[in-house]
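Asker: First to last, the protein sequences are chains A and B. Count the first sequence with the working numbering and you get residues -6 to 336, in order. Count the second sequence with the working numbering and you get residues -6 to 336, in order.
No lab work stands behind these hints, which were simulated from the structure alone. Each hint should be verified, as a subset may be incorrect.
One copy or two, it doesn't matter: identical chains are merged, so the pair holds either way.
As the list claims (entries may be wrong) - In silico PhoX-like pairs for lysine-lysine, Cα to Cα no more than 20 angstroms straight-line:
{"id": "1", "residue 1": "Lys141", "residue 2": "Lys171"}
{"id": "2", "residue 1": "Lys107", "residue 2": "Lys285"}
{"id": "3", "residue 1": "Lys263", "residue 2": "Lys107"}
{"id": "4", "residue 1": "Lys263", "residue 2": "Lys52"}
{"id": "5", "residue 1": "Lys83", "residue 2": "Lys206"}
{"id": "6", "residue 1": "Lys143", "residue 2": "Lys166"}
{"id": "7", "residue 1": "Lys263", "residue 2": "Lys171"}
Quick caveat, the model's predicted, so the values are computed rather than measured.
Number of protein chains: 2
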Amino acid sequence: MNSNKNCQWRIARRPSGNVVHEDFEYHENEIPKIENGQILLKTLYLNLAPVMRMYMSGKSIAGEAALNIGDVIHGRGVGEVIESNHSDYKVGDIIQGQMGWQTYKATSVTNSEKFRKVPDAGVPYSIGLSLFGMTGFSAYFGFFSSGKPKKEDTVVISGAAGGVGSIVVQLAKTLGCKVIGVAGGVEKCGFLEDLGCDIALDYKTGDIASKIKEVTPNGIDLYFDNVGGEILSACLDNLAQNSRIVLCGSISEYISVEPYGLTNYTNLRKTNSTMQGFFIYNHMDDLDEAEKKLKNWVSSGAVKPIEYIFDGFLSMPDALASLYNGKNYGVALCRVSPGPYDL
Amino acid sequence: MNSNKNCQWRIARRPSGNVVHEDFEYHENEIPKIENGQILLKTLYLNLAPVMRMYMSGKSIAGEAALNIGDVIHGRGVGEVIESNHSDYKVGDIIQGQMGWQTYKATSVTNSEKFRKVPDAGVPYSIGLSLFGMTGFSAYFGFFSSGKPKKEDTVVISGAAGGVGSIVVQLAKTLGCKVIGVAGGVEKCGFLEDLGCDIALDYKTGDIASKIKEVTPNGIDLYFDNVGGEILSACLDNLAQNSRIVLCGSISEYISVEPYGLTNYTNLRKTNSTMQGFFIYNHMDDLDEAEKKLKNWVSSGAVKPIEYIFDGFLSMPDALASLYNGKNYGVALCRVSPGPYDL
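Let the sequences and hints guide you as you build the complete structure.
Answerer: As structure tokens, then:
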């Protein structure tokens, strides 16, 4: 790999099942020249997320264009401005937005790329992909705006050790809720307890529906759903009156072929409850507010970024494949080139 | 049938499939004597509703006690006070509440019976079971509180020719929405057009999912669900951004054995939409407000009660059985004894 080249990962073919090496194609090109009004970004960190397999499958998701074979794979990243012909950006600025799987990017900074500056919080700027990125903002708005939590609520969070989930756990504890985290495996449950969960449930051993019922004798007031399917159904069976379900993600659906048939949605009626879809791109005008609040919590130590870091641009395909095995914690990202505060 | 007796319909056995004659038992008893603090009611009208089959099956629903074989069947009704030892009620008052399937009732007027006076609107007091009863109140709060409608909304209503549905149709037209009513059969669709629906869709002929898609090119802003299952699924496939689904009823479930598996609930996430359960018993403190508004609309002619009237107490079992055939319009009720304004 040549650091004087723009290195790229492109789509070699459509994935079938989990992604494998043959689905990716590695390229090295000249570093692009910038034109008037453009900036040149050097990639510091790239996000890794389950949705990327759907990009590779040619689906248009979250406002991103559908990709063809041979295209650079979509991915948000954090980059450093190393040249600038744009009045709003100067060399040394750190910004996050649509970088794609590549080590350099020249851009006029368009709306669709959703670039924004990453604030200095005295920690590595990878935080622009975790707490101060779409992951943190999803947790913030999903929990507070859609979830309408109250201090005394019993909150269940699935995918609790994941990127959004691990932040929601901390936000809910900051508010004072009783927090039940659901994750797969003993290690992740240990991680959740360290993170502050009152109870951590392992969905991989025993009957998760019975476990959820057992630990919520007064019902669930807020279920923050990152997985869909069976755990959603189990929570629907244990709702308190006037409860809220926030549908934030359903990683299980990115791979499974048969969608899950939810038969007990009528429990929403019996409990006067609400199930609400959540989509961060409907909150883009309010991100500054979320960032400010999150920054305060980071400063006070109440909330910390949980990042699972893969090292080196060449590791991207393997890193993505590993996400579907469910072994990682927090936000998965790749450190392409170390930035300020990085060891 | 002896009008000097208290005539009753009781449960003879648990129904299997639709109700049949053998499930009911007819009794004649002495008219009860009232004690201190009690009133004696003479039944004028009794409600008929699909949920009654579930009462007969022994299920405890909507706060009503589970019934045993031999018990008088639950049912809300309108009655006239013909004797009173209770300071809040005088002879001649017309009240609605839990009467049971019988022609007289002595009661201390308990909270669980949810009795309230029926206002005089210059129309028969059967309106205490339609517009000024739980049906009208369900339509009012389900549409306005849960549905959060806006003037420019495209509103789809299933079971639109039914008790709650036919009122929601009128409320939505009063607000100025584009209203699409779904019902079974050509006759009901004609009724819906007369009632003010912009479009009436017959789910019994052709593919209802395609029809719904065709008439909602800009998506559905509000879906008021009275049936669940397939039509709910079709609406989930055609949601506009930030839309609302109100789950008010699911008559299809009262009879069908296998609950419907909803696979596309994840569309709530893609459209930032909400699916909310609705249950009238969570709004009992606000009924006066609803009644006042509904009374104004009745006076101005903007909203009218839609009642499907069976005549005579002896017709109750057949009347209930006929509900599941889906032939009736509006609120089904039985005129047990004509009251004021009745012809």
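Asker: Indicate, hint by hint, whether the structure satisfies it.
Answerer: Each hint tested on the structure:
1. Lys141 to Lys171: within (15 angstroms within a copy, 31 angstroms between copies)
2. Lys107 to Lys285: within (18 angstroms within a copy, 50 angstroms between copies)
3. Lys263 to Lys107: Cα proximity of Lys263 and Lys107: across copies only (19 angstroms, versus 41 angstroms in one copy).
4. Lys263 to Lys52: between (37 angstroms within a copy, 14 angstroms between copies)
5. Lys83 to Lys206: Answer is neither: 55 angstroms inside a copy and 50 angstroms across each miss the 20 angstroms cutoff.
6. Lys143 to Lys166: This pair counts as within: shortest intra-copy Cα distance 11 angstroms, inter-copy 37 angstroms.
7. Lys263 to Lys171: neither (23 angstroms within a copy, 29 angstroms between copies)
Going down the numbered hints, you'll see the structure goes against 5, 7, while the others check out.
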